[in-house]
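Residue numbers (my numbering), protein chains in the order written: chain A, -3 to 357; chain B, 3 to 550.
These are computed hints drawn from the structure, not numbers from a lab. Each hint should be verified, as a subset may be incorrect.
DEER-style ranges, computed between Cβ atoms [stated by the list, open to error]:
id, chain 1, residue 1, chain 2, residue 2, range
1, A, Arg54, B, Arg538, 24 to 30 angstroms
2, A, Arg345, B, Thr295, 26 to 32 angstroms
3, A, Pro77, B, Glu534, 29 to 35 angstroms
4, B, Glu518, A, Pro133, 53 to 59 angstroms
5, A, Asp258, B, Asp73, 27 to 33 angstroms
6, A, Glu102, B, Val74, 19 to 25 angstroms
7, A, Arg345, B, Asp73, 17 to 23 angstroms
8, B, Pro233, A, Ser246, 53 to 59 angstroms
9, A, Ala52, B, Ala46, 46 to 52 angstroms
10, B, Asp73, A, Glu155, 36 to 42 angstroms
11, B, Asp548, A, Glu42, 55 to 61 angstroms
12, A, Asp258, B, Glu534, 31 to 37 angstroms
A partial selection of chain B residues facing chain A, derived with a Cβ cut-off under 7 angstroms [said to hold, decoys possible]:
id, residue
13, Trp30
14, Ala33
15, Arg135
16, Lys136
17, Gln491
18, Gly535
Residues of chain B clear of chain A, computed beta-carbon distances all greater than 10 angstroms [stated by the list, open to error]:
id, residue
19, Asp42
20, Ala46
21, Val90
22, Trp107
23, Ile239
24, Pro311
25, Ala468
26, Glu493
27, Arg500
Quick caveat, the model's predicted, so the values are computed rather than measured. The beta carbon of each residue, even a glycine, is placed where N, CA and C say it ideally should be.
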Amino acid sequence: MISHRVFELLDVPAPLSPAPLSPALLGLVTFGLVSIQGQPVTVTTELSQDALDVAAKRGTALLAVVEHGSALESLHLSGGPWPIMVVSDSVWPLAGADLGLLVGAEGPADHDGLTEEEAAAHIKQFLDLAFDASPQPSRGRTPLSEVVPFALAAAYDVETVVEELVDAGRWMQLQAGTNASVLTGIARIEGRSVGILASRPGADGGLLGPEACVRVDRLIDWCQRSGRPLISLVDTNGLVALERMEDVVSVRDVAVHIRTSDVIKVVVVLGNAIGLGATIMGAVGARANVVLPWQRGSFALEAPAGGANDPKAPELSSTFQAACAGDVMDILDPDDTRVRIAEMLDLLRGRRTYASTRSTS
Amino acid sequence: MLVEQVSALLERSTNVSIVSSGNMIETWEQARAELAARRDASRAMGGPEAIEKLHRRGKLTPRERIDLLFDVGTFREFGELVTGLIEVPGRPDREAPADGVVTGWGRVSGRMVMVVADDGTITAGARGPGGNRKVAYIRTLASQNGYPLVMLLESSANRFQSMMGAQFAGGSGSGSIGTSPPVALWQSEGRSPIVCAVLGTALGAAAFQTMDAEFATIAAETGAMAMAGPPVVLGGIGVETTSQELGSAEVHGSITGFVDHVGDDEPDAIASVRRFLGFFPDNSRELPPRLLTGDPADRESPELTDLVPLDHRKPYDMAAVVRAIVDDGELLEIRPRYAKNIIVGYARIDGWTVGIIANQPKRLGGIVDVKAVIKAVRFAQICNAYNIPLVFLQDQPGFIVGPESERDGALRQVVRLMNAVYGAEVPMVTVLVRKAYGFSTWLLGGRAVGADHVVAWPSASISLAAPEIGVATLLRNEMAQGELSEERQLELYASYRRMSEARWATYDFRIDDVIEPARTRPELAKALAMVEGKRRAHLRTRRSFDTA
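I would like the entire structure built from these sequences, with the hints used as guidance.
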């Protein structure tokens, strides 16, 4: 039984025995209230609207450990401000989860092929990162200029960049197993819980495909529901060529989603911000709260004909030109990136509360 | 649609011709050097000569002004690299560092404040499209996040040549690449305070903004505010004039009353901005910060009975009465040179900001005239929008009457006052000091308009009309025919005066109490503490105000 083992590893006491109970007691027992990582969590072995409602009423995260789940019970579920974590041995119950963990098998989950031990560790980590902690002392300047060479053509490891930007060790990737052209995750920056979106310029020639767009969409959804800011690290040469209408439509939906969502969007352009890939990543035309480029790339509507290394590219629309025109408000020194992101998060923290109270008047 | 927009944004970026060092940048070290050089160029503003010229005219650069505004070392410039291009036919193009306007944020007494400061060293403070984008960005940041915005105005106009033809049609502020759409020009009124300091000649939009600001100050000698400047006036109506003649500190401080404060010079004007911000919350959803100065809430002010003569015909200075009551005697008077027969201003009682509205018997006997109402209404509306309780101190013989004030629109102004005070949701506490005559007694914080606590000094006299006027109205015929002896008249006056003594009004709670004048401060502190809940109850509603 996965559930017994996972609950045991998380120190969840044992009221969740599958022993038959009267229907009146069933609700109470099935939706246990426990503390994991200091956070109150509603735990259940059945994923249902009732379970979501109970967690929402309590204002807690929901952890469902579900065996042999069916599509019927999970497809219509979607969460509220508090995270839904689902552990299962099949993909269906994971569909509406903020963190979906697939035990035993492999599939398109946030993490798959897991042992129960690994699943329990991911849950702890997620709960640690999904909530704000007391402000951490600033890590100060980070030597990102040593991680990312100035030359646009040079490769760099974006995971190292993210590690340098977040509080020490405080981040986890979602869907870590796949190697898409973007990575998504959650992290803490100076104690503040944030969603992380980053281009992986090495993958797919720096072009975003439909799968990457789905991941962006899912992350924005989480940021929106949980009220967390989105930090986007952009270095993209655009979208892959799309031929199927359904792909174009879904990409368009993601573009609309990021543009219209009132999530706080702090965008750092590490390299290029080109075409609709830049829009999907929040850098151009996405109503970001702030867009701060490094000096190495350029903004362009389309990738230069000669590819990213076309020597004419910087002349077209360098970050300097964008800054001169007032299209971006400043240019970042890579080593200041963390400090400046933290500063903007501090400055923008009033936005959501302020905007949402306004609509009630 | 999106693609067109993005395309337009990018096109704009590429159309700016900037002077590059010409060196190919290949390493981070070179990139840093280039960036540092550009920041230096931006901070140099219009160059040493232009700065010297500005100084000679008694003015400061935007960066010097910002240093005066913010706590030391807290200014963070944003938009420093924006560079405009000044194109004049027949002359070589020049760069406009920072595009003529310095923008960013900093802290005033530890609290976050946004700033926009025009640069008089570059085309007299006019800016181009990049500068407009910076201003739009900072305004949006202030408005969306609920921070105060300070505008240090030098001219704030658009450079004529960049606003010719179709450019003008779309408005001056447009969004930066991919960032939030800018707020409409006047949208944030009544949400987070906008403060304008007129330090140069503010024309057109800058002047309109000042009219709408929660607080406006102007520097004497150097500041001026008008619809249009002398060249446009000459071209338009053929009259030669100067900026000072059109809208000096004297004009707007004393005659129009469009500015709340007149600074002796720039530092004085900027100091008033810091003082004002100290009294205000960051936005209309918060309470003003409490500042306990160590002045005890139960401190008595025995000097009050010496300050205020019992004889209702003898004038005194109400400002001295206010100062005796409030924390540390600190009162920031609003529009002190306009409608001097009424005092309005911000002060603190027991650390909490209050808005004082007090008649000034030293001027026109404290009568409430059209200008006094204009002054009081706007002040009451702003206090109401920012959760600041109103404290009224009454000593007034009623509204002014007569053909002149009727023609000035007295009726409309009286009703505006009624609506402003009756509609106010903040706590209102009133002290009747001496004369409380006429309908204005109700409107200036009377029970009838919903005041929470009304107290009177023993010297107060409350009535629809002063005894002399009452007798003259009632016994008009007898007086005209000489049937009323002087002795009888005095007897009637005395009898009416006794009837209007405050103590009668306390017997059935038409007012709350008659108090020792010396105990005014403790009583006000106690009353304000009692209505604390009312102050918090309305934090979420937005209340706007008129421009007047």
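Checked hints:
{"no.": "1", "hint": "A:Arg54 to B:Arg538: 24 to 30 angstroms", "verdict": "holds, 28 angstroms"}
{"no.": "2", "hint": "A:Arg345 to B:Thr295: 26 to 32 angstroms", "verdict": "holds, 30 angstroms"}
{"no.": "3", "hint": "A:Pro77 to B:Glu534: 29 to 35 angstroms", "verdict": "holds, 31 angstroms"}
{"no.": "4", "hint": "B:Glu518 to A:Pro133: 53 to 59 angstroms", "verdict": "holds, 55 angstroms"}
{"no.": "5", "hint": "A:Asp258 to B:Asp73: 27 to 33 angstroms", "verdict": "holds, 31 angstroms"}
{"no.": "6", "hint": "A:Glu102 to B:Val74: 19 to 25 angstroms", "verdict": "violated, 59 angstroms"}
{"no.": "7", "hint": "A:Arg345 to B:Asp73: 17 to 23 angstroms", "verdict": "holds, 20 angstroms"}
{"no.": "8", "hint": "B:Pro233 to A:Ser246: 53 to 59 angstroms", "verdict": "holds, 58 angstroms"}
{"no.": "9", "hint": "A:Ala52 to B:Ala46: 46 to 52 angstroms", "verdict": "violated, 58 angstroms"}
{"no.": "10", "hint": "B:Asp73 to A:Glu155: 36 to 42 angstroms", "verdict": "holds, 39 angstroms"}
{"no.": "11", "hint": "B:Asp548 to A:Glu42: 55 to 61 angstroms", "verdict": "holds, 60 angstroms"}
{"no.": "12", "hint": "A:Asp258 to B:Glu534: 31 to 37 angstroms", "verdict": "holds, 33 angstroms"}
{"no.": "13", "hint": "Trp30", "verdict": "holds, 4 angstroms"}
{"no.": "14", "hint": "Ala33", "verdict": "holds, 4 angstroms"}
{"no.": "15", "hint": "Arg135", "verdict": "holds, 3 angstroms"}
{"no.": "16", "hint": "Lys136", "verdict": "holds, 5 angstroms"}
{"no.": "17", "hint": "Gln491", "verdict": "violated, 57 angstroms"}
{"no.": "18", "hint": "Gly535", "verdict": "violated, 19 angstroms"}
{"no.": "19", "hint": "Asp42", "verdict": "holds, 14 angstroms"}
{"no.": "20", "hint": "Ala46", "verdict": "holds, 16 angstroms"}
{"no.": "21", "hint": "Val90", "verdict": "holds, 19 angstroms"}
{"no.": "22", "hint": "Trp107", "verdict": "violated, 7 angstroms"}
{"no.": "23", "hint": "Ile239", "verdict": "holds, 36 angstroms"}
{"no.": "24", "hint": "Pro311", "verdict": "holds, 48 angstroms"}
{"no.": "25", "hint": "Ala468", "verdict": "holds, 44 angstroms"}
{"no.": "26", "hint": "Glu493", "verdict": "holds, 58 angstroms"}
{"no.": "27", "hint": "Arg500", "verdict": "holds, 50 angstroms"}
Hints 6, 9, 17, 18 and 22, counting from the list given before, are not met by this structure.
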